[in-house]
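Colleague: Given next are the chains, with one letter for each unit.
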Amino acid sequence: MAYSDKVIDHYSNPKNVGTLDKANKNVGTGLVGAPECGDVMRLQIEVDDATGIIKDAKFKTFGCGSAIASSSLATEWLKGKTVDQAVAIDNMDIVEELNLPPVKIHCSVLAEDAIKAAINDYRVKNGLEQLVFEEKGVH
Amino acid sequence: MLKLPVYLDNNATTPMDPRVLETMIPYFTENFGNAASRNHPFGWAAEEAVDYAREQVAQLIGADPKEIIFTSGATEGDNLAIKGVYEMYASKGNHIITVTTEHKAVLDTCKHIEKLGGEVTYLSVKEDGLIDIKDLEAAIKPTTILISIMYANNEVGVIQPIKEIAALAKKNGILFFSDATQAVGKIPVNVIADGIDLMTFTGHKMYGPKGIGALYVRRKNPRVKVTAQMDGGGHERGMRSGTLNVPGIVGFGKACELCRLEMEQDAKHTSVLRDKLENALCQIEESYVNGNKEHRLPHVANISFKHVEGEGLLMGFNKNIALSSGSACTSASLEPSYVLKALGLGDDLAHSSLRFGLSRFTTEEQIDYTIEQITNTVLKLRDMSPLWEMYKEGIDLNSIEWAHH
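Chains as they are written, first to last, in the numbering used here: chain A, 1 to 139; chain B, 1 to 405.
Worth flagging that the hints you see were computed from the coordinates, not collected in a lab.
The model shown is predicted, which means the values in this text are computed figures rather than measured ones.
Virtual Cβ for every residue (Gly too), placed ideally from N, Cα, C.
Among these hints, one or two may not hold up.
Output of the computed footprint for chain A on chain B, the stretches with three or more beta carbons under 8 angstroms from beta carbons of chain A [as the list claims (entries may be wrong)]:
# : stretch
1 : 108–116
2 : 241–250
3 : 384–395
Computed list of chain B residues with no C-beta within reach of chain A, every gap over 10 angstroms [unchecked claim]:
# : residue
4 : A12
5 : K134
6 : G312
7 : N320
8 : S324
Let the sequences and hints guide you as you build the complete structure.
Modeller: Given below as structure tokens:
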């Protein structure tokens, strides 16, 4: 299967690989997927107290090239957005941007799940209610 | 200068030996006759070439030329052997024994037999990929007519205890069929010494052309027959109709002859390089060789790199190195290799595996390059693997509640 140039670029030069301090209350961590399924993503956001803007985002991903590219792209998109704007990121935006084929759509869904899990982790840490999201069910 | 890409997927198919091609060429053009044309020189030339090739093929496996049925390849041979025996020996019973790590051509044919009302037992394998002969013994019933067990596995390269299986089959009056696609031409296979009744193999896994293979069908002690699965002109002693693929057969014959003459040299060459590759890659932390290392084809290695996903790994170098992975992220099912799972590997390790198949044309320079590329990619991907980070922090990955899809 041929990968799109954008997937290859993110795979070869992934953006924002790394780890933020989980203990920091401004950091939200989302860990989604399962080793048995061949995909695990950990995505972290760091939110600026004063502005509510995501000032940093990091990821680590175990998975195929499309999974790595989806999470790398997600961290790029997250930086500079408010948490509310981040909630609106849809997996199909990732599919479109990376030209993912149908068998790889689950990678984009996983990235969206990781974003939402990170946001909810941040919300819980800061005394807010968890947001309830609709199941995509495309995995 | 190293020429890229490097080809290390020889279990899928081998390049054709130029010496094979050379022998085939005249049979496309001037010697184009139909081997069944009995009354003119074109037919005679074709028939003569087929007879010669049949001897070359038979000699490689210690058979009589009359016991060789030409087919289109191993998949057809698997179908013809299993379905053909099932039909031919229906009055004796309807039970077949096979193994979970067989090729799909055997497994799916067995499923077909079950739909027809036959009974199939699928033996599991030990962690090293070999069957336990006691399991086989226990599975035998009065209705068992066929044991179908592959000679060597296509994914991990392990060689089954063929002689023991054959002895057990003989003792119980059961026919023994072996899919020897990966073994023939690579290691000594002798149908008499091994005690095999039916055996399939194919040209393109042994430096010959695609689209041509053979089914060995024993003629003595016992005399075995299979019911034809295609109706037609009654070629190949009535077991496989269809105009013979003369150029393919000529090439297959030559490939068999070359393998017979050069097997020892090829095996030594590939095993030295395979061992170099395997030893170097096993220097990487948390890497594991899959399958029995002792009873294994000389040119095959299957290695898992923990906490790195196979397809992601391949992507690091698959423009330059042709390999396959036990990860099936590309397939619609997303299921990792059923063979590796049958060996008891967790899905995570099965997803993390690479299969290497070397050939007589593999060079040390190619192996050195492969070692370097894979090592670098594994290390790079581990740097971005959350599982590797957790493992390094001493977190037990089994203690985490993963969100299964």
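Colleague: Now tell me, hint by hint, if it's right for this structure.
Modeller: Each hint, compared with the structure:
{"no.": "1", "hint": "108–116", "verdict": "violated (count 0)"}
{"no.": "2", "hint": "241–250", "verdict": "violated (count 0)"}
{"no.": "3", "hint": "384–395", "verdict": "holds (count 6)"}
{"no.": "4", "hint": "A12", "verdict": "16 angstroms, holds"}
{"no.": "5", "hint": "K134", "verdict": "31 angstroms, holds"}
{"no.": "6", "hint": "G312", "verdict": "5 angstroms, violated"}
{"no.": "7", "hint": "N320", "verdict": "13 angstroms, holds"}
{"no.": "8", "hint": "S324", "verdict": "13 angstroms, holds"}
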